[in-house]
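Construct all of the structure, not just a fragment, from the sequences and the given hints.
Listed below, chain by chain, are the residues.
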Amino acid sequence: LAKTTQPISMDSYEGQEVNITCSHNNIATNDYITWYQQFPSQGPRFIIQGYKTKVTNEVASLFIPADRKSSTLSLPRVSLSDTAVYYCLVAEGGTYKYIFGTGTRLKVLA
Amino acid sequence: DAGVIQSPRHEVTEMGQEVTLRCKPISGHNSLFWYRQTMMRGLELLIYFNNNVPIDDSGMPEDRFSAKMPNASFSTLKIQPSEPRDSAVYFCASSLIEGQPQHFGDGTRLSIL
Numbered sequence: 001l002a003k004t005t006q007p008i009s010m011d012s013y014e015g016q017e018v019n020i021t022c023s024h025n026n027i028a029t030n031d032y033i034t035w036y037q038q039f040p041s042q043g044p045r046f047i048i049q050g051y052k053t054k055v056t057n058e059v060a061s062l063f064i065p066a067d068r069k070s071s072t073l074s075l076p077r078v079s080l081s082d083t084a085v086y087y088c089l090v091a092e093g094g095t096y097k098y099i100f101g102t103g104t105r106l107k108v109l110a
Numbered sequence: 001d002a003g004v005i006q007s008p009r010h011e012v013t014e015m016g017q018e019v020t021l022r023c024k025p026i027s028g029h030n031s032l033f034w035y036r037q038t039m040m041r042g043l044e045l046l047i048y049f050n051n052n053v054p055i056d057d058s059g060m061p062e063d064r065f066s067a068k069m070p071n072a073s074f075s076t077l078k079i080q081p082s083e084p085r086d087s088a089v090y091f092c093a094s095s096l097i098e099g100q101p102q103h104f105g106d107g108t109r110l111s112i113l
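Protein sequence lines, in the order shown, are assigned to chains A and B.
Residue numbers for the first sequence follow my numbering, so the first one is 1 and each next one is one higher.
Residue numbers for the second sequence follow my numbering, so the first one is 1 and each next one is one higher.
Worth flagging that the hints you see were computed from the coordinates, not collected in a lab.
All C-beta atoms in this analysis are idealised placements derived from N, C-alpha and C, irrespective of residue type, glycine included.
Don't take each hint at face value.
Label pairs and their in silico Cβ distance ranges [to be verified]: (1) B:Ser73 to A:Asp67: 34 to 42 Å; (2) A:Thr53 to B:Arg9: 39 to 47 Å; (3) B:Asp106 to A:Leu109: 25 to 33 Å; (4) B:Lys78 to A:Ser41: 37 to 45 Å; (5) A:Gln42 to B:Ile97: 23 to 31 Å; (6) B:Asn52 to A:Val59: 29 to 37 Å; (7) A:Lys69 to B:Asp57: 42 to 50 Å; (8) A:Lys107 to B:Thr13: 33 to 41 Å; (9) B:Arg64 to A:Asn19: 38 to 46 Å; (10) A:Pro7 to B:Met40: 31 to 39 Å.
A short list of chain B residues far from chain A (calculated; beta carbon distances all over 10 Å) [said to hold, decoys possible]: (11) Pro8; (12) Glu11; (13) Glu14; (14) Glu18; (15) Ile26; (16) His29; (17) Leu43; (18) Asn51; (19) Pro54; (20) Met60; (21) Ala72; (22) Pro81; (23) Glu83; (24) Ser111; (25) Leu113.
Encoded structure:
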C-alpha cells in the first residue's frame, strides 16, 4: 500500500508563504496529484491539481518533481482564513486506489 | 449550482440498527466516491462508481457495508447491522470523470451507540 505522509502541523504568520509537502512513494504513473483544504464540519474543498512540474492558479501553486514521489503545495501570503487542514490525494500505483495523505493542520497567526 | 448533497447530516442510532446514508452527486458528474473520516484512520476511500458501476470496493470494511447507485443522480451507503466502531463522518464526492477534481458534500456524522 502506498504511504502518503505529510507533516502533522504547521504554524505561520499572516502574509507569509507556506509550503506543505506530501510524500508519496508509489503513485500511478498517469494520474494527477490533487490538494484539498478542509474546515471543521465541512467536506474537503479542491485547491489545485497537477501532473508534473509546476501548476499555479489564483490561490496556490503546486510543485511536482520529475520522480513524482512528492509534491509541495505553496500558499502565498496566507491569511487567518487559511487556517485549516490540508490534504494531498493520489492514486496508488498498480491498484489506482485513491489515497488521501495524513493531513497537515495549518494554523495562521496574526 | 448545487453541490453534492448528502443526507442526513447527523445520524445517531443504536448498534444493530440499519443505517442508510444518501448522496446526490453534481448533475453531469460520472464518478461518485464514498469516503469515511475518523481521527485514527483519516480519510479512507470505501468505494467508487463510474457511470453508476462500482469500480473499486476494496475499501469497504466488511460485508455489513454495501453501496448502490441505481441511477446517475443518487447513491446510498448502507450499514447493516451497525456497530459502535462504524461511528465516523461519511463523505460522498463526485467528479466529472475519474481523475478530475472531486467535489465533496458536507458529510454525514454517524454515531452508533
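- Query: Can you name, in rising order, the numbers of the hints this structure does not satisfy?
  - Reply: 4, 7, 10 and 17
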